[in-house]
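Use these hints to put chain B onto chain A, whose structure you have.
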Amino acid sequence: MHKQISFGKKVIYLIPSVVLLLIFFVGPVVLSLYFSFTNMALTGSNASSLRFIGLENYKHMISDPTVKKAIINTLVFMVGSVAGQTLLGFGFAYMMRSCHKKVRKVVGSIIMIGWIMPEMVAAFCMSSLFHDSGTLNMILEGLGISGVSWLYTFPMAAVIIANVWRGTAFSMLAYQAALDDVPSDIEESSKLDGANLAKKIYYIILPTIKNTIMTNTMLITLMTLGSFGLIWIMTGGGPSGKTQTLPILMYIKAFKNSQLGYGVAISIISLVVGVIFGVFYIKAAGKED
Amino acid sequence: MKRKRKLALIVNTVMIIMAVMWLLPMLWMFMASVDPSANVFTKLPSGITMQNFASVLKSHTNQMSFLNSLFLSFGVAILVIICSGLAGYALSRYEMKYKKSFLMTVLFMSSLPGTVLIVPVYRMFVTLKLNDSLGGIILFMAATTLPYSLWMMKNFMDSVPLYLEEAASVDGAGTWQRIRRIVVPLMIPGTFCVAIQAFIGAWGNFMVPFILLKSAGKYPAAVTMYQYIGMWDISYGELTAFSILYAVPVLFLYVLGQNYMSKGFSMSGAGKG
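Heads up: the protein sequence lines correspond to chains A and B, in order.
Mapping the first sequence onto my numbering, position 129 (from 1) lands on 129, and the numbers just tick up by one.
Mapping the second sequence onto my numbering, position 39 (from 1) lands on 39, and the numbers just tick up by one.
Simulated from the structure, these hints should not be mistaken for laboratory data.
Using N, Cα and C, we set each Cβ at its ideal position, and we do this for glycine too.
Check before you lean on any hint, since a few could be wrong.
Which stretches of chain B does chain A cover? Using the computed rule of at least three CB atoms under 8 Å from a CB of chain A, they are [claimed, not checked]:
no.	region
1	2 to 11
2	74 to 88
3	96 to 104
4	108 to 120
5	194 to 202
6	249 to 257
Under the rule of at most 16 Å between Cα atoms (straight-line distance), these lysine to aspartate or glutamate pairs were calculated in the EDC-like manner [what the hints assert, rightly or not]:
no.	chain 1	residue 1	chain 2	residue 2
7	A	LYS200	A	ASP185
8	B	LYS4	A	GLU188
9	A	LYS210	A	ASP180
10	B	LYS99	B	GLU166
11	A	LYS199	A	GLU187
12	B	LYS100	B	ASP158
13	A	LYS210	A	ASP181
14	A	LYS199	A	GLU188
15	A	LYS9	B	GLU95
16	A	LYS10	B	GLU95
17	B	LYS43	A	GLU119
18	A	LYS200	A	GLU188
Per the computed footprint, the stretches of chain B lying under chain A, defined by three or more beta-carbons under 8 Å from a beta-carbon of chain A, are [unchecked claim]:
no.	region
19	15 to 22
20	31 to 42
21	225 to 232
22	238 to 246
Next up, chain A with everything else stripped away, as it sits in the complex (with noise of 0.2 Å):
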C-alpha cells in the first residue's frame, strides 16, 4: 500500500472543494436561516437597515393564504410528477426490452432529447404546444373536437406534462439499469409456470427493482421541488396563482414585492422539505450498495 501520509497531507486535496462548498453552498443555507427571521427587504428603508423580528416573518407565512396554496400547488406538482415520470419511465425502459433493437435506440434518443435540451427551449416547445391556437388544439381540431385554452383552463396539467415530458428520460435510465438485475432465469420459469404480466411485475420485478423506485423517487421530488424555470415560463405562476409553486411565491415576494426576508422564510419550507428527503435519500442510496 501506500507510504504513511500524513491526514494534513491527504486534507489538501480537498481544500478547493471544501472552501469552494462552505463559501457557496453552507455559507448560504446558514444565512437563508437567519435572513428569515429579519425585515430584509430589497429597496426601500429596510434595504440598508437589517432589523432582527424574531418569528414574524413565520407568524406571517402561516396565516397567508397564499403561502398555503403554493403548498398545495408544489404538492400536486410534484405528486403528478412523480408519478407520470414513474409510469413513463418504467413503461418505457420495460418495453424496451422487448423491442426491436433500432427501435429501442431511436425512441431511447427521442426521450433523452427533452432531458438534455435546455430548460428555456423546453419550456418554449410546450408553451407553444399547449398554445390557443398552438399543434395540441390544431390536432384537436383535425379529429373535431374544439380544442381549450389549455395555459388557462388546465394550467397545473400543462406544466405537470411539461416537466414529466423532460424528466421521464431520467426514470427510464434508472429503470433500464434496475431491470438488468432481474433475474433472468426466474423470469423464464415465471413464463413457463402461466404467470401473467401483472403477476410477474408484482412477484418478480418490483422487489428487485424496489430500491431504485425509492431513490428514483426521492430524486423526482427533489427536484421538482426546486423547479422554477419551466413554470415561470410557460404561465408565471398564473393565471391567478394556479401554478404558483413555492419557487415561485418565493422569486414574487422577495423580487417583485422586495420582501427578501419573506421571500427566504418561504424557500425555509423547501429547504425543510428537501433536507428531509434528502436524509430518505442517502438512506435508500447507502442500501442500494
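Just chain B now, kept in the frame of chain A:
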C-alpha cells in the same frame, strides 16, 4: 413463437406511437425554424429558408449571449473538474478520518435543490460586490454542481485499478507523477463525463443568471431567449432558430460524452496483459 412475435409487434407499435407523441413539441421547433412564415402551430414550411438562422446569428445581442453562455459553462466545468478531481482522488485513494461522513454529507448536498438558496445568495453577492458578475455566477453554480460531480469523480477514481499506481510507485514515481502519468490518462473519460455534465447544467440554467444578473450585456442565452419570449410580437421563426442554436451544442456534447463513457469502460482493461 407466434404469440411472441405478435407481442413484439404490439410493443414496437406502442413505442413508436409514444415516440411520435414525444417528438411533437420538438417537431414544431424544427419546422418553424426553416419556415419563412412560421407560426405557433405545426405546419409544413411554406418554403425552406435559412433566413431565421441568419438573422439570429447576425444580432450582436445574440452573439454576446452565446459567448456569455460559453464563458459561464466553461468556467463552471473547469472549476468543478479541478475541485472534484483533487478531492475525488484523495477520497478514493486514502484512508481518512471522517471520510464516510464527509461523503454522506456530499451526497446529501447533491440532493438539495440549489434554487432554494438563491435569495440568500443574491443578498450575499450584494455584500461581496459579486452581484451582476459572471464570475460570481460561476462560483455559485460550481458550488451547487460540485457535490454531485465529486461523488461521480470519486466513483470513477475507484474504478481505476489501484495496482497500476502501485506498480508506478514501485518504479519510484512520486504522488504527483503518479497522478499525472497514471491517474489522469485513465481518468480522462470520467473527467470528460463530469465536465460535460457540469457544462450542460450551466448551459441550461435559467434561474441563477436571471436573478443574479442585471446588465443585458452579460445575459447568457437562456435569459436572452426569455426576453424574446416575453415580447409582444414574437417572431416564431427566429425564436425557434434561436432555440435550435441554443440546444444543439449540449445535445452534441451529450452524444460525445456517451462515446467517452463507452471508451472509459474499455480502458479498464489497461491492467491486463
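Outcome of the hint check:
Here's how the region 2 to 11 of chain B fares: 3 of its residues keep a CB closer than 8 Å to some CB of chain A, so the rule of at least three is met and the hint holds. Coverage of the region 74 to 88 of chain B by chain A holds [criterion: at least 3 residues with CB-CB distance below 8 Å; count 6]. Against chain A, the region 96 to 104 of chain B contributes 4 residues with a C-beta closer than 8 Å to a partner C-beta. That satisfies the three-residue criterion, and the hint holds. For a cut-off of 8 Å, the count of residues in the region 108 to 120 of chain B with a CB near a CB of chain A stands at 12, and the three-residue condition holds.
With a threshold of 8 Å between beta carbons, the proposed coverage of the region 194 to 202 of chain B by chain A is violated, since 1 of its residues qualify and at least three are required. Here the region 249 to 257 of chain B counts 3 residues with a CB under 8 Å from a CB of chain A, which clears the bar of 3, and the coverage holds. With a CA separation close to 13 Å, the supplied pair LYS200 of chain A and ASP185 of chain A stays within the 16 Å bound. Restraint check: the Cα-Cα separation between LYS4 of chain B and GLU188 of chain A comes to about 13 Å, which is no more than 16 Å; the hinted pair holds.
Of the pairs offered as hints, the one joining LYS210 of chain A and ASP180 of chain A holds, with about 13 Å between alpha carbons and a cut-off of 16 Å not exceeded. Under the criterion of a C-alpha separation no larger than 16 Å, the hint pairing LYS99 of chain B with GLU166 of chain B is inconsistent with the structure, at around 22 Å. In summary, the hint linking LYS199 of chain A to GLU187 of chain A is supported, as the alpha carbons are separated by about 11 Å, within the 16 Å threshold. At most 16 Å may separate the alpha-carbon atoms for a hinted pair to count; LYS100 of chain B and ASP158 of chain B meet this at roughly 15 Å.
For the given pair, LYS210 of chain A sits about 12 Å from ASP181 of chain A by alpha-carbon distance, which is consistent with the 16 Å threshold. A hinted pair counts as satisfied when its Cα atoms are at most 16 Å apart, and LYS199 of chain A with GLU188 of chain A qualifies at roughly 13 Å. Restraint check: the Cα-Cα separation between LYS9 of chain A and GLU95 of chain B comes to about 12 Å, which is no more than 16 Å; the hinted pair holds. Between LYS10 of chain A and GLU95 of chain B the alpha-carbon distance is near 9 Å, which keeps this suggested pair within the 16 Å criterion.
A hinted pair counts as satisfied when its Cα atoms are at most 16 Å apart, and LYS43 of chain B with GLU119 of chain A does not qualify at roughly 24 Å. For a cut-off of 16 Å, the pair hint linking LYS200 of chain A to GLU188 of chain A stands: about 10 Å separates their Cα positions. Check on the region 15 to 22 of chain B: 5 of its residues sit with their Cβ under 8 Å from a Cβ of chain A, so the three-residue criterion for coverage holds. Only residues whose C-beta sits within less than 8 Å of a C-beta in chain A count toward coverage, and the region 31 to 42 of chain B has 4 of them, enough to reach three; the restraint holds.
Evaluation of the coverage hint for the region 225 to 232 of chain B: fulfilled, as 3 residues show C-beta separations to chain A shorter than 8 Å, against a requirement of three. Three residues within the 8 Å Cβ limit are the bar, and the region 238 to 246 of chain B against chain A gives 3, so the coverage statement holds.
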